[in-house]
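> Each chain is listed here by its residues.
Number of protein chains: 4
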Amino acid sequence: MILFNSDYIEGAHPSILEALTRTNYDQTPGYGEDKYCEEARNIIRQQCNDDTLGVEFLVGGTQTNVTVIDALLRSYQGVISADSGHINVHETGAPEATGHKIIALPSPDGRLTLEQIKECNESHWNDPVHEHTIQPGMVYLSCPAENGLTYTLAELTEISEYCRANSLYLFVDGARLGYGLQSEGCDLTLADLARLCDVFYIGGTKVGALFGEAVVFSDKELKRSFRYAIKQHGGMLAKGRLLGIQFAELLRGGNDCLYFELARHANREAMRIRRAFEQKGIPMWNGSLTNMQFPALTKEQQSRLAEKYIFEVWGRYDDTRDIVRFCTSWATRSEAVEQLCNDIREL
Amino acid sequence: MILFNSDYIEGAHPSILEALTRTNYDQTPGYGEDKYCEEARNIIRQQCNDDTLGVEFLVGGTQTNVTVIDALLRSYQGVISADSGHINVHETGAPEATGHKIIALPSPDGRLTLEQIKECNESHWNDPVHEHTIQPGMVYLSCPAENGLTYTLAELTEISEYCRANSLYLFVDGARLGYGLQSEGCDLTLADLARLCDVFYIGGTKVGALFGEAVVFSDKELKRSFRYAIKQHGGMLAKGRLLGIQFAELLRGGNDCLYFELARHANREAMRIRRAFEQKGIPMWNGSLTNMQFPALTKEQQSRLAEKYIFEVWGRYDDTRDIVRFCTSWATRSEAVEQLCNDIREL
Amino acid sequence: MILFNSDYIEGAHPSILEALTRTNYDQTPGYGEDKYCEEARNIIRQQCNDDTLGVEFLVGGTQTNVTVIDALLRSYQGVISADSGHINVHETGAPEATGHKIIALPSPDGRLTLEQIKECNESHWNDPVHEHTIQPGMVYLSCPAENGLTYTLAELTEISEYCRANSLYLFVDGARLGYGLQSEGCDLTLADLARLCDVFYIGGTKVGALFGEAVVFSDKELKRSFRYAIKQHGGMLAKGRLLGIQFAELLRGGNDCLYFELARHANREAMRIRRAFEQKGIPMWNGSLTNMQFPALTKEQQSRLAEKYIFEVWGRYDDTRDIVRFCTSWATRSEAVEQLCNDIREL
Amino acid sequence: MILFNSDYIEGAHPSILEALTRTNYDQTPGYGEDKYCEEARNIIRQQCNDDTLGVEFLVGGTQTNVTVIDALLRSYQGVISADSGHINVHETGAPEATGHKIIALPSPDGRLTLEQIKECNESHWNDPVHEHTIQPGMVYLSCPAENGLTYTLAELTEISEYCRANSLYLFVDGARLGYGLQSEGCDLTLADLARLCDVFYIGGTKVGALFGEAVVFSDKELKRSFRYAIKQHGGMLAKGRLLGIQFAELLRGGNDCLYFELARHANREAMRIRRAFEQKGIPMWNGSLTNMQFPALTKEQQSRLAEKYIFEVWGRYDDTRDIVRFCTSWATRSEAVEQLCNDIREL
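Residue numbers (the numbering used here), protein chains in the order written: chain L, 1 to 347; chain Z, 1 to 347; chain U, 1 to 347; chain F, 1 to 347.
Since the hints were made in silico from the structure, they are not lab data. Every value quoted in this text rests on a predicted model; they were computed, and no experiment measured them. Keep in mind that the hints are not guaranteed to be accurate.
What the hints assert, rightly or not - Which chain U residues stay away from chain L? Per the calculated CB distances, all over 10 Å, these:
no., residue
1, T23
2, E91
3, K101
4, N166
Said to hold, decoys possible - In silico lysine to any residue, SDA-like type, Cα no more than 20 Å apart, as pairs:
no., chain 1, residue 1, chain 2, residue 2
5, U, K223, U, R74
6, F, K223, L, R74
7, F, K308, U, T28
Using N, Cα and C, we set each Cβ at its ideal position, and we do this for glycine too.
Kindly produce the complete structure, drawing on both the sequences and the hints.
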């Protein structure tokens, strides 16, 4: 069986393991205060064109989302999210467990629009008894979203401007950021994100690392307090160096860094899969250009492919078809994709 | 400089890195549902002589403490702990951040006695308005404690019996469990812990792993719900296999397993340091037989040793001396200890 | 101006004030352990035909909702509610502030159906990674709902049976319970609620008391712990007698008790208003038979009535009309309603 | 039996009940936005000599403490309190339930000194890994403390100055504030408190009201957000007017207001009791000049008095004596005190 069901089914890119092995006996302080973390911080600041940025490293995505939300919001504030947002669906109520309501807005395409955010925020403040409802305190976007779609620079810019003018934090979940930034036609860069968001993260777990998310922030309150929040939420890795070593390895080298290369590889393979489905006349659920592709397959097509491949059933498309998800990653072998494409042609 | 300031200043035992490298391209499901985790679970059940035990793997200690406490306690229950307990001092209020008060009892030697637990619990229930005070719901012990001392089988047995008779969960923090179990004269085994506690953990981070804590539990509620709690607290590692691979590597092989061997090595080196201080006539703060040793040094002695070694100042001993901590670990080189002992003799 | 905008715009029924004055100098213990609370508990048990019920008194509705939810649910459990439920909309995220996600189901008529509850619960348990999503732990209904509609005995019975068979607590918010139980055609009684729910409450604030909600429960866990939860959530009134005195006064006398009489009065007046609108040919938003009526008025009709009356704009009905709410209460004067009906006829 | 065991065993001063009865049929908006609350706010601002103060009304003390703490502190901040502070002992872990650790300092006399606060705060910031410990964010004092002792203007001034210079909120719990301010030799005024604290409250429940605490604050963040916090913590009374009416009644009239008169009455009676014990040669536990007196009685003395009076056993004094508490209140009858004094003389 070949697994296409997610982008975290292998270990890490070999360079990562080599770097960990190479540095194994160095003695360093714990908790992210070592030279490797410092190096990784500086590489990230360079990639973002801003050497005043705060950078901290956490282990996983849910942990990162919750820690950022709880560190920034006041107890009576909530976070605006697409109803399909990871924080609203697949985190076992983790943000609520820290006390913060999610203000979930319906979003057919998994993304939020400026209009939605505006309407939600204004309807709160226009309510004469607004203190009876949760106060919007943050906008949470995923880039790419759960369905592989990204934001454009123009979209993110106008959302950012609205947030800044209205005291809303802007937080971008970048668990799959590499795949998004390196997708065809995406005009966003790390520097744009650093400039437009109060806080975002560069996901490592799904893009070549063993684990790890690099949180980047310009917000002053986070600079003062984020390490408290990380520790309190159980996210401060004792051997923090493991995160620094990995992110330095991944992000060193500007646009040619390993992180972007691996993302481009995954996207290329994903697009081959997309084209194979399209050429077969199989409808695609959406226009994702990233490493996740969502063909709409009949039950029979699903059974045929399930003989050799594992993929995820995502939802209902219409009376005869389900949306399924095929994921590629840094580790996807081109031969496996070649074989899959052949099998798609035979459906 | 040679670092003796903690037991998490290097990476991991080379076998761990080799195992990670060897398995790197295997495709597995995520979130601890892979074959490596299953193997590690079974090894642990065997080591504990009980194949009905629940076993789950988390990344770090604070995360583990908080997740266990919050998973087991009702909202109006608190946890009895020594005032020097890690949860009370060094977790940035993490248990309280999940809503649970710590009922901190004074403990000169870092351990709790049955009498203290009993008095605390009874004074609650004897209070005619007991619902105005937090209800004790759990006893938290560390073995070894922050100061390196362990419990005896007899002590743990009587505490366990009292807890079971009084509806108190018994939870043992084993962040340094290997060092405790393998210390001279410690008559506890993993099987004893599994039998006497509702839940305990086998700390990997400080005993040879890159990271990881293996939580072992017999409690039914935890069996039903602990994976929810792990996910909600951001502790569910996407590539859960990394934990399974490490714990299988560490705990395979009964009493000769790598985990215990590494602990014995660290303890032996710690005892050499202890004897060097004792022979020099330097007072030791306590009778720790584990990998942490606490000599009471004058300022001058501290400066002399600080020229070559890094160690931690722990507290005040008397008017002229401070307690300092020297830690050994799986990675401590015998030559470094030899050199340190020589320098102690020259003080 | 005459206020019809809510049912808590006056003080309390005069008998309540007289009872408070009459007992003012009695010396009693605090915190609900006095003889008046005991009397009120017994009256309620009698009204509910079950002398084993737990009964505790709280001050307000949000406080009661949050305390019940947090007392019963485990940290990883959430509460199923209509999206228009008070806990989801008008409590400033209070349930989430205690850590519990609300699983909000769309509900055009403000009520939940068995089918919705079933589908929601089953979709959780059928999810292969259900621990990544919040576990349903409770069903929250309001009777009457925010829009004045009630449940029938048959509906509540089938929901209760499903909840019991599926380990879901059933909690009925009865902030306006009197108006519901005494409405035309409602076949529910206090005894039915006590039998079918794990916990419900009899709202005093909106039905004649100065303040107060009487929580009635058969659940064992609540019997053990609810007073802890009340105290922890700041809901334990020092002079608890004030609640006992009020509820004894309100509920003494079976079906002829003051509470039901006041509710019948309010409902009668509300139905007069309803009929006036209907006779005028003004569409009613829904079929509420309780003290809240929701005509759909044009802007002009609103302005005309707003000259003499205060009422609440509830939402949009269609392009030309808004839904507005007229509330009656125990304190509504029949002459005021007469005048309003005349003015409706003149619209 | 005559009850001296607390100051909340009767209803309310008759003027309060008369005011509630007089205003009963007025129609007002809810939630503290009525004219009575506005009047009470202005009276309090006048009493405090500062018309820019924020004033909100809550029902009870625990609720008030928790709401203020949670509204002001960030998630990673804790509150410094005497270990005997009400928040640390008698609130069922309510502050922790909102996520905030209490940093409890030992306090033999129930009060905190500047030195203690300073040492606690500095030891946090001097810790090189301070993010591993809770960050002090607030100082909580009670005036009078649980044992009846008050602070002087000089003490409160120096604590206030330190707090302001060190970004610590200063919060004074005034559940019994009237008794404190009106006690012999207390040189504090409401205006001093308003000037020196970020937030404090004027306790009504124990000083003549049915219930109610008036929170007074100059802090900007509270002005923006306190009403959200009140609602979220279930403390926003639907018929908020009940609080406004009571506080207007209590505080109208400058230094001759009912609140202060009632406090002076209770203190006078308490001092008569104190003198009776002293004249009898019975040791007093402390120098309280407020409405709570703590004689140290032998078991026999306790039994003798227990035949006619109810009082509270407070703790152990020495091998032969217990500390007991006698409370007076606004409702204490002089004849009852006369009788008690006679019985003391006969001991």
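> For which of the previously enumerated hints does the structure constitute a violation, in increasing order of number?
When the structure is compared with the hints, numbers 2, 3 turn out to be violated.
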